[in-house]
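*Asks:* Now for the letters of each chain:
There are 2 protein chains.
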Amino acid sequence: MYSTALTFQSAAAHRAWLETQSRLPKGFRTGTASLEFAPVEVPSKRARMNLSLVALERPSAAFAAAFTRNAFPGAPVLVGRRRLAEPRLGALVVNNKVSNVCAPGGEAAAERICAEAARLLGMAPTEVLPSSTGVIGWRLPVEAMLAALPAAAGALQGESALPLAEAIMTTDLYPKVRRAELPGGASLVGVAKGAGMIEPDLATMLVFLLTDADLPREELRAALAEANEASFNCISIDSDTSTSDTVALVSSAAGPKVDAAAFRAALRQVCRDLAEDVVRNGEGVHHVIRARLEGAPDARAARALGKSLVNSPLLQCAVAGNDPNLGRILCAIGKLAGREGMPLDPARVRIAVGGEVVFEGGAMRLDPEKEQRLVAHLKAAEMYASAPPPDGLTFQPPHRHPPHERCVEIAVALGMGDGACEVLGADRTHEYVTENADYRS
Amino acid sequence: MYSTALTFQSAAAHRAWLETQSRLPKGFRTGTASLEFAPVEVPSKRARMNLSLVALERPSAAFAAAFTRNAFPGAPVLVGRRRLAEPRLGALVVNNKVSNVCAPGGEAAAERICAEAARLLGMAPTEVLPSSTGVIGWRLPVEAMLAALPAAAGALQGESALPLAEAIMTTDLYPKVRRAELPGGASLVGVAKGAGMIEPDLATMLVFLLTDADLPREELRAALAEANEASFNCISIDSDTSTSDTVALVSSAAGPKVDAAAFRAALRQVCRDLAEDVVRNGEGVHHVIRARLEGAPDARAARALGKSLVNSPLLQCAVAGNDPNLGRILCAIGKLAGREGMPLDPARVRIAVGGEVVFEGGAMRLDPEKEQRLVAHLKAAEMYASAPPPDGLTFQPPHRHPPHERCVEIAVALGMGDGACEVLGADRTHEYVTENADYRS
Numbered sequence: 002m003y004s005t006a007l008t009f010q011s012a013a014a015h016r017a018w019l020e021t022q023s024r025l026p027k028g029f030r031t032g033t034a035s036l037e038f039a040p041v042e043v044p045s046k047r048a049r050m051n052l053s054l055v056a057l058e059r060p061s062a063a064f065a066a067a068f069t070r071n072a073f074p075g076a077p078v079l080v081g082r083r084r085l086a087e088p089r090l091g092a093l094v095v096n097n098k099v100s101n102v103c104a105p106g107g108e109a110a111a112e113r114i115c116a117e118a119a120r121l122l123g124m125a126p127t128e129v130l131p132s133s134t135g136v137i138g139w140r141l142p143v144e145a146m147l148a149a150l151p152a153a154a155g156a157l158q159g160e161s162a163l164p165l166a167e168a169i170m171t172t173d174l175y176p177k178v179r180r181a182e183l184p185g186g187a188s189l190v191g192v193a194k195g196a197g198m199i200e201p202d203l204a205t206m207l208v209f210l211l212t213d214a215d216l217p218r219e220e221l222r223a224a225l226a227e228a229n230e231a232s233f234n235c236i237s238i239d240s241d242t243s244t245s246d247t248v249a250l251v252s253s254a255a256g257p258k259v260d261a262a263a264f265r266a267a268l269r270q271v272c273r274d275l276a277e278d279v280v281r282n283g284e285g286v287h288h289v290i291r292a293r294l295e296g297a298p299d300a301r302a303a304r305a306l307g308k309s310l311v312n313s314p315l316l317q318c319a320v321a322g323n324d325p326n327l328g329r330i331l332c333a334i335g336k337l338a339g340r341e342g343m344p345l346d347p348a349r350v351r352i353a354v355g356g357e358v359v360f361e362g363g364a365m366r367l368d369p370e371k372e373q374r375l376v377a378h379l380k381a382a383e384m385y386a387s388a389p390p391p392d393g394l395t396f397q398p399p400h401r402h403p404p405h406e407r408c409v410e411i412a413v414a415l416g417m418g419d420g421a422c423e424v425l426g427a428d429r430t431h432e433y434v435t436e437n438a439d440y441r442s
Numbered sequence: 002m003y004s005t006a007l008t009f010q011s012a013a014a015h016r017a018w019l020e021t022q023s024r025l026p027k028g029f030r031t032g033t034a035s036l037e038f039a040p041v042e043v044p045s046k047r048a049r050m051n052l053s054l055v056a057l058e059r060p061s062a063a064f065a066a067a068f069t070r071n072a073f074p075g076a077p078v079l080v081g082r083r084r085l086a087e088p089r090l091g092a093l094v095v096n097n098k099v100s101n102v103c104a105p106g107g108e109a110a111a112e113r114i115c116a117e118a119a120r121l122l123g124m125a126p127t128e129v130l131p132s133s134t135g136v137i138g139w140r141l142p143v144e145a146m147l148a149a150l151p152a153a154a155g156a157l158q159g160e161s162a163l164p165l166a167e168a169i170m171t172t173d174l175y176p177k178v179r180r181a182e183l184p185g186g187a188s189l190v191g192v193a194k195g196a197g198m199i200e201p202d203l204a205t206m207l208v209f210l211l212t213d214a215d216l217p218r219e220e221l222r223a224a225l226a227e228a229n230e231a232s233f234n235c236i237s238i239d240s241d242t243s244t245s246d247t248v249a250l251v252s253s254a255a256g257p258k259v260d261a262a263a264f265r266a267a268l269r270q271v272c273r274d275l276a277e278d279v280v281r282n283g284e285g286v287h288h289v290i291r292a293r294l295e296g297a298p299d300a301r302a303a304r305a306l307g308k309s310l311v312n313s314p315l316l317q318c319a320v321a322g323n324d325p326n327l328g329r330i331l332c333a334i335g336k337l338a339g340r341e342g343m344p345l346d347p348a349r350v351r352i353a354v355g356g357e358v359v360f361e362g363g364a365m366r367l368d369p370e371k372e373q374r375l376v377a378h379l380k381a382a383e384m385y386a387s388a389p390p391p392d393g394l395t396f397q398p399p400h401r402h403p404p405h406e407r408c409v410e411i412a413v414a415l416g417m418g419d420g421a422c423e424v425l426g427a428d429r430t431h432e433y434v435t436e437n438a439d440y441r442s
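Quick note, the sequences are listed as chains E and W, same order. For the first sequence, this note's numbering gives the first residue as 2, with consecutive numbering after it. For the second sequence, this note's numbering gives the first residue as 2, with consecutive numbering after it.
In short, the hints are calculated from the structure, not lab data. Treat the hints with caution; some may be incorrect.
Any copy, or any two copies together, can satisfy a pair, since identical chains are not distinguished.
No more than 35 Å apart at the CA atoms, straight line, and that leaves these computed lysine-lysine pairs for DSBU-like [to be verified]:
#, residue 1, residue 2
1, K371, K46
2, K46, K380
3, K27, K371
4, K380, K258
5, K27, K258
Keep in mind it's a predicted model, so treat the numbers as computed, not measured.
Input sequences plus hints: build the corresponding full structure.
*Replies:* Below, the structure is given as C-alpha cells:
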C-alpha cells in the first residue's frame with residue numbers, strides 16, 4: 002500500500018517536511034551549479050540548465066542501477082550500462098534540460114563531462130555515472146557544462162539532498178525526496194524527478210537512492226530490482242516510456258551493516274513513496290488514480306489491465322471533470338482483455354469506486370444517490386481545479402506543492418485468477434496540454 | 002493511400018459535397034425521429050436521442066457485420082452477433098446518446114425495440130439489427146423509444162442517407178458520408194459516426210455501408226473483413242476501443258451483379274475515406290497525423306508501432322502546438338519496440354516528417370532552417386487553433402466542417418523487415434479535454 006497519510010496546508014509546510022526528508026546519509030556530498038546556453042538546433046531559444054554532482058567520500062563497490070527499456074536509449078543510459086561492470090562508483094553527474102538522447106556525438110559528450118568531473122574529484126572517469134533529462138535530440142552544451150563543473154564541485158556539502166532534488170527538476174512543480182531510517186543509525190534517502198513521459202519500464206525518469214547501510218553489491222542489485230517492480234513499474238502519467246529512465250542506488254558503506262530484509266522493506270517503501278510523488282506531481286495532474294486490480298490471470302496481466310485503465314484518455318478526462326462516467330472503466334479494461342484474448346467474464350467482474358460498488362453481476366449498478374457520493378469522492382481527491390488563465394490559453398497549476406495525498410480509489414476484482422497489482426495514474430487536464438504543446442520554448 | 006484532394010471553404014460547401022455523396026442505392030429507405038428523456042441513473046439530466054431506421058424494400062440474405070473485440074460488448078453487439086446467423090436482414094434500428102452497454106436488462110431492451118420496428122415494417126424481429134451509441138451504463142428509455150418509432154417509420158424516404166448520417170452523431174461535429182459508383186449503375190454508400198473512444202479493433206464505432214450491388218453473402222463478408230483491416234483497424238483518436246464498435250454492410254441486391262474485385266476496391270476506398278473522416282472529426286482534433294511505417298518485422302508490428310506513435314500523448318500535444326518536438330517520435334516507437342523485444346537498431350532507422358529527414362544514422366538531424374520548415378508543415382496541416390473561450394474553460398471548435406484534408410506526414414523506415422502499415426491518428430487539445438471532462442452533461 003502506498004502511504005496516504007500526509008496533507009500540506011501550504012508550500013511552506015511542504016518545504017519544512019521536505020527538509021526533514023533530505024538529510025544525507027554518511028559518506029555523500031552533493032553540489033549544484035547552473036548555466037545558460039542556446040541549443041545548437043534552435044539558437045533563437047535561451048535555455049537554463051542545472052548541473053549536479055553527487056560525490057562519495059570514497060568510491061564504492063556497492064551500487065546498482067536500472068535503465069529504460071525504450072529501444073532508443075539515451076547516451077547516458079548507454080554509458081551507464083557499461084558502468085555497471087566497473088569495480089567502483091565514486092560520483093554521479095546529472096543535468097536537466099537536455100536529455101542527450103539520439104543527439105550526434107552523444108556518448109562522447111557524456112564521457113567528456115564524466116572525465117572532467119572525475120578530474121575535479123580525484124577519481125577515475127569510469128567511476129562517474131552520467132545522467133541527463135530534458136529535450137530529446139538536442140546536443141549537450143558541453144563547453145558550458147565543463148566551465149560550470151568547478152562551481153558544482155565547489156558547492157559540495159554533506160548535509161542535505163534537497164539542492165540535488167531541486168536541481169534535477171524539469172517540468173516538476175516541486176522536489177521529491179523520501180527517506181527511511183535503518184537499524185544502527187544508517188539511513189536511505191531517495192530523490193526523484195519526472196512529471197511527463199512517465200510510464201517507466203524497468204525504471205523511472207531519474208531516481209537516485211543514497212544509503213550508508215553497508216550491504217554488498219549483489220544484495221543492492223537484487224533489492225533494487227525487487228523494489229522497482231513494486232513501485233516505478235506500476236505507475237503511468239502519460240504512457241510514454243522515457244528514453245532516459247534511470248534508477249541508481251549507491252551505498253557509501255560508511256554506516257553499519259544492515260539486515261537485508263530490513264533494507265529491502267525500507268527500499269520498497271521509499272521507492273513506492275517516490276513513485277507516488279512522481280505521479281502526484283505529474284504534468285497537469287489534478288487527481289491521482291489508484292487502481293487495485295485483483296483476480297487477474299497473473300500479476301503481469303493485473304498490471305497491464307491497471308495500466309490500460311489509468312492510461313485511458315477518456316477516463317482521465319472524466320476524472321479531471323469530477324464526472325463519474327464509469328462506463329469508461331469498462332471500456333479501458335475490456336479493450337485490453339479483448340485484444341489479448343483474456344478469458345474475462347463480465348458476470349464475474351466487480352468494480353468499486355471510492356468504496357461504492359458500481360459494477361456487479363454483468364451490469365452497472367448506478368442510482369442518483371450513488372452518483373452524488375461518487376462525485377464527492379472525486380472532489381475530495383482533487384488537488385486543484387483549472388481556472389481560466391490570464392491569456393486564455395496557457396493553463397498553469399495554481400500552487401507548487403501537493404495539498405494532500407488522497408487518491409481516486411478504483412478497485413477491480415476480475416474473477417479470473419490470483420494475479421493482483423496496484424497501479425497509480427492520473428487525470429488528463431488543460432494544464433497537461435498546455436505544458437506539452439510547446440514544451441521546448 | 003487515403004485521399005487528400007478535398008478542401009472546403011465553408012460549412013455550406015462541405016454540406017453541398019455531402020449531399021452529392023448521400024444518394025441512397027436502390028432498395029433502401031431511411032427515416033429518423035427524435036425524443037427527449039431523463040436517464041434513470043441521473044434523473045436531473047435531460048437528454049435528447051435520435052432514433053433511425055434503415056429499411057430494405059425486401060429482406061436480404063446478403064449482409065455482413067463486424068463488431069468490437071472489447072471484452073465488455075454492448076447489448077446490441079451481443080444481439081448483432083446472433084443476427085449474423087439469421088437467413089435475412091431487413092432493417093437496422095439505430096439510436097445515439099445511450100449505448101446500451103452493461104446496463105441492467107440491456108439485451109431484452111434491444112430486442113423489444115427490434116420487435117416493434119419489425120412490426121411496423123412487416124418483417125420478423127430477427128430480421129432487425131439493433132445498434133446503439135452513447136453513454137455506457139445508462140438504460141435505454143425503451144418506452145419513449147417505442148413511442149417514437151412510428152414517427153421514424155413514417156419518415157422513411159429513399160433519396161438520401163444524409164438524415165441517417167446526421168441522426169447517429171453524438172459528439173461528431175458533422176455527418177460523415179462517402180460513396181462509390183459501381184459498374185452497371187450500382188453504388189455503395191457508407192455513413193459513419195464516432196469522434197471519441199476510437200481505436201477500433203476489428204471495426205469502428207458505427208458504420209453502415211449500403212449497396213445495391215448484387216453479390217452473395219460470403220463475398221460481402223470477405224470483402225468487409227479485408228476492408229476493415231485496411232481502414233478502421235488502422236486509426237486511433239484516443240486509444241480507447243469502444244464497447245459498441247459496429248460495421249455493417251448490407252446489399253439490397255436491387256442493382257446489377259458486380260465483379261467482386263471491383264466491389265472490393267470500391268469498398269476499401271469508401272472505408273478508408275470514412276476512417277479518415279472519423280479521425281478528422283475526432284473530438285478536439287486540430288491536426289490529423291498520418292504515420293507510414295515501413296521495414297517492420299511484419300504488418301502487425303508495423304500497425305502496432307504506428308498506433309504507439311499516434312497514441313503518444315506527448316507527440317499529440319506537440320503536434321497540437323505546432324511544435325516539432327520530434328524526439329517524442331523516438332520515445333513512442335522505442336517504448337513499444339523495447340517492451341516487445343523487437344530487434345530495432347537505431348542506426349538503421351530513418352524518419353521523415355513532411356518530407357524532411359529528421360533522424361538517420363542513429364541520431365537526430367535537426368538544424369534551425371529545418372525547424373522552420375517543420376513548423377510550416379505542421380501549421381499547414383492545422384484545421385484550426387484554440388481560442389480563449391468565453392467562460393475561460395469550455396473550449397469548443399470554431400467551425401463544424403473540415404476545412405481541408407491535409408495531414409501531418411510522418412514516415413518511419415525501420416530497417417527490420419518487410420512489414421508496412423499506414424496509421425491515422427490525431428493531436429490532443431484543450432477541446433478534447435473539455436469535451437470529455439463532462440461528457441454526460
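*Asks:* Next, verify each hint and record whether it holds.
*Replies:* These are the hints, each one checked on the structure:
| no. | hint | result |
| --- | --- | --- |
| 1 | K371 / K46 | between (52 Å within a copy, 15 Å between copies) |
| 2 | K46 / K380 | between (40 Å within a copy, 20 Å between copies) |
| 3 | K27 / K371 | neither (53 Å within a copy, 50 Å between copies) |
| 4 | K380 / K258 | neither (46 Å within a copy, 61 Å between copies) |
| 5 | K27 / K258 | within (13 Å within a copy, 86 Å between copies) |
In summary, the structure is inconsistent with hints 3 and 4 from the numbered list given earlier, while agreeing with the others.
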